[in-house]
Amino acid sequence: MPTIAASVDDAVAAIPDGAMVIVPREASGVPMEATRALIRRGVQRLHLVALPTSTLQADMLIGAGCVETLETSAVSLGEFGPAPRFTAAVLGQAIRIKDATCPALYAQVQAAEKGVPFMPLRGLIGSDILAHRPDWRVIDNPFGNNDPIVLLPAIKPDFALFHAPMADRAGNVFFGRDREALMMAHAAARTIATVEKLYDGDLMDDPAMSGATVPSFYVETIAVAPRGAWPLQLPDHYPADGTHLAEYAKLAATAEGFARYCEQHVYVKKAA
Amino acid sequence: MTEFRPEELLADAIMRLIGDVRHVAVGNASPIPALAALTLRERGGGKPYVSLLGSRRHMFFTDGGRELFDCAGQGRVDVFFLSGGEIDGEGNINLVSIGDYDQPKVRFPGSFGSGYLYYVVPKVILFRLEHSRRTLVPKVSFISAPGGNEPNVHRTGGPVGLITNRCLFSFDRARKRFTLASVHPGHTVEEIVEHTGFEFDRPDDVPVTPAPSAETLKLMRETVAPQLAEVYPQFAQRVFGVELPKIA
Numbered sequence: 001m002p003t004i005a006a007s008v009d010d011a012v013a014a015i016p017d018g019a020m021v022i023v024p025r026e027a028s029g030v031p032m033e034a035t036r037a038l039i040r041r042g043v044q045r046l047h048l049v050a051l052p053t054s055t056l057q058a059d060m061l062i063g064a065g066c067v068e069t070l071e072t073s074a075v076s077l078g079e080f081g082p083a084p085r086f087t088a089a090v091l092g093q094a095i096r097i098k099d100a101t102c103p104a105l106y107a108q109v110q111a112a113e114k115g116v117p118f119m120p121l122r123g124l125i126g127s128d129i130l131a132h133r134p135d136w137r138v139i140d141n142p143f144g145n146n147d148p149i150v151l152l153p154a155i156k157p158d159f160a161l162f163h164a165p166m167a168d169r170a171g172n173v174f175f176g177r178d179r180e181a182l183m184m185a186h187a188a189a190r191t192i193a194t195v196e197k198l199y200d201g202d203l204m205d206d207p208a209m210s211g212a213t214v215p216s217f218y219v220e221t222i223a224v225a226p227r228g229a230w231p232l233q234l235p236d237h238y239p240a241d242g243t244h245l246a247e248y249a250k251l252a253a254t255a256e257g258f259a260r261y262c263e264q265h266v267y268v269k270k271a272a
Numbered sequence: 273m274t275e276f277r278p279e280e281l282l283a284d285a286i287m288r289l290i291g292d293v294r295h296v297a298v299g300n301a302s303p304i305p306a307l308a309a310l311t312l313r314e315r316g317g318g319k320p321y322v323s324l325l326g327s328r329r330h331m332f333f334t335d336g337g338r339e340l341f342d343c344a345g346q347g348r349v350d351v352f353f354l355s356g357g358e359i360d361g362e363g364n365i366n367l368v369s370i371g372d373y374d375q376p377k378v379r380f381p382g383s384f385g386s387g388y389l390y391y392v393v394p395k396v397i398l399f400r401l402e403h404s405r406r407t408l409v410p411k412v413s414f415i416s417a418p419g420g421n422e423p424n425v426h427r428t429g430g431p432v433g434l435i436t437n438r439c440l441f442s443f444d445r446a447r448k449r450f451t452l453a454s455v456h457p458g459h460t461v462e463e464i465v466e467h468t469g470f471e472f473d474r475p476d477d478v479p480v481t482p483a484p485s486a487e488t489l490k491l492m493r494e495t496v497a498p499q500l501a502e503v504y505p506q507f508a509q510r511v512f513g514v515e516l517p518k519i520a
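Chains as they are written, first to last, in my numbering: chain A, 1 to 272; chain B, 273 to 520.
Rather than coming from a laboratory, the hints here were simulated on the basis of the structure. One or more hints might be untrue.
[What the hints assert, rightly or not] Simulated pairs of lysine-lysine, BS3-like, Cα-Cα distance not exceeding 27 Å:
| no. | chain 1 | residue 1 | chain 2 | residue 2 |
| --- | --- | --- | --- | --- |
| 1 | A | K197 | B | K518 |
| 2 | B | K411 | A | K250 |
| 3 | A | K250 | B | K448 |
| 4 | B | K411 | B | K448 |
Just so we're clear, the structure is a prediction, and the values are computed from it rather than from any experiment.
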């Protein structure tokens, strides 16, 4: 049965240096409070997998020196422009980047869900994405005739980490419409979820909710984090805090500004 | 003639390129294509289907982000939009970096879904607002997705055109070459030649991109702008004056 941790900091304590952690795109419940907790703890050498893209979360983890390898299709701040710490780290060769394309990451995670070693994917042939991925292969479709197709190895993360609207006390986690949470929990060895609130009752009892719930079977730890995606959106619950994101984009343009941002918003825990 | 904003002209031109189709999908960082797709849907009384990435209301997918790609792989997405930090004359796009990949001089966000969607969506409309020799280059540094492939590579899709702040190009897939299709009001063919880094064909008489009609402008401003604000609040505020969402 999953543990309900006393705090978000406690919940992410299980993630060791060097772990492979998968996190969702901005629309699918980005665990920002947990991200701040990881930075506070000073986690290092993460292999961060963004399913299939990331924004503020990857930029902050990279800026704080937590990431050794980044596997993603893109990192930007969306309407607030390029992701400055990501860009600086790639230009300064401070992280190892494994460039992908969105459906490749989904396919690789699906392979892990199924317990198979690889998945085929169309596209990619003739691109430099493929040229720079020695871990990807091209074979001739064994059911076709002169039909090259790319094979992608499974991605089996050590941890899935996401934020969701609620969980019940048995550890079932309601995610709503975006199924990234379910994919990640299926694929990862261990799952840590932060939630807006606890639900009094059994999420699996209500068919309107059970189909949008990660069963507790796949979940290891839950922590309650109200507004835990802030300053990003939690779709259906709250929008992104544009004023704050604009301030971040401005400050994070330099390493010094990013450090100042962290002093203000990461290392000092907000009063409850 | 009604006054219009550059964004409205571009969206109107994109609407004509989209044409009569069943399903238009719009990806990340694409507010002008989103404006075009939603306006077309309003005008068509609900046709075409529009899937706006990042939206709750303008998106029917219920299987997570992967559904767009699965849907496209089956041929159920007719139109998609891609951009590039660099785009070259053969329709290759670069969303990754400039210079040596391992020691880049410039880094862009990344390839997003381009390394797949460019191959499987029949009509891919390229858009790059900055029309300069920096962005429209003879040869891209990194191919996120190629304009074309060897004949034995499964390819049901590819580029049909490229729209910029100065003009519209059409793309001939067999010849892997752009043709100047129209020049936006206030711009000239000479200026296009001066600011384009790749070679392209052009007819003797190049038409001017038509201005949007008063009806289209009314739809964009009154009906579509508030819809757009869900996914592109900053854009909707800047271009149409839609109020930004309140943060509790």
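A quick look at each hint next to the structure:
For the given pair, K197(A) sits about 22 Å from K518(B) by alpha-carbon distance, which is consistent with the 27 Å threshold. Only pairs whose Cα atoms come within 27 Å are accepted, and K411(B) paired with K250(A) is rejected, the gap being roughly 33 Å. Only pairs whose Cα atoms come within 27 Å are accepted, and K250(A) paired with K448(B) is rejected, the gap being roughly 41 Å. For the given pair, K411(B) sits about 13 Å from K448(B) by alpha-carbon distance, which is consistent with the 27 Å threshold.
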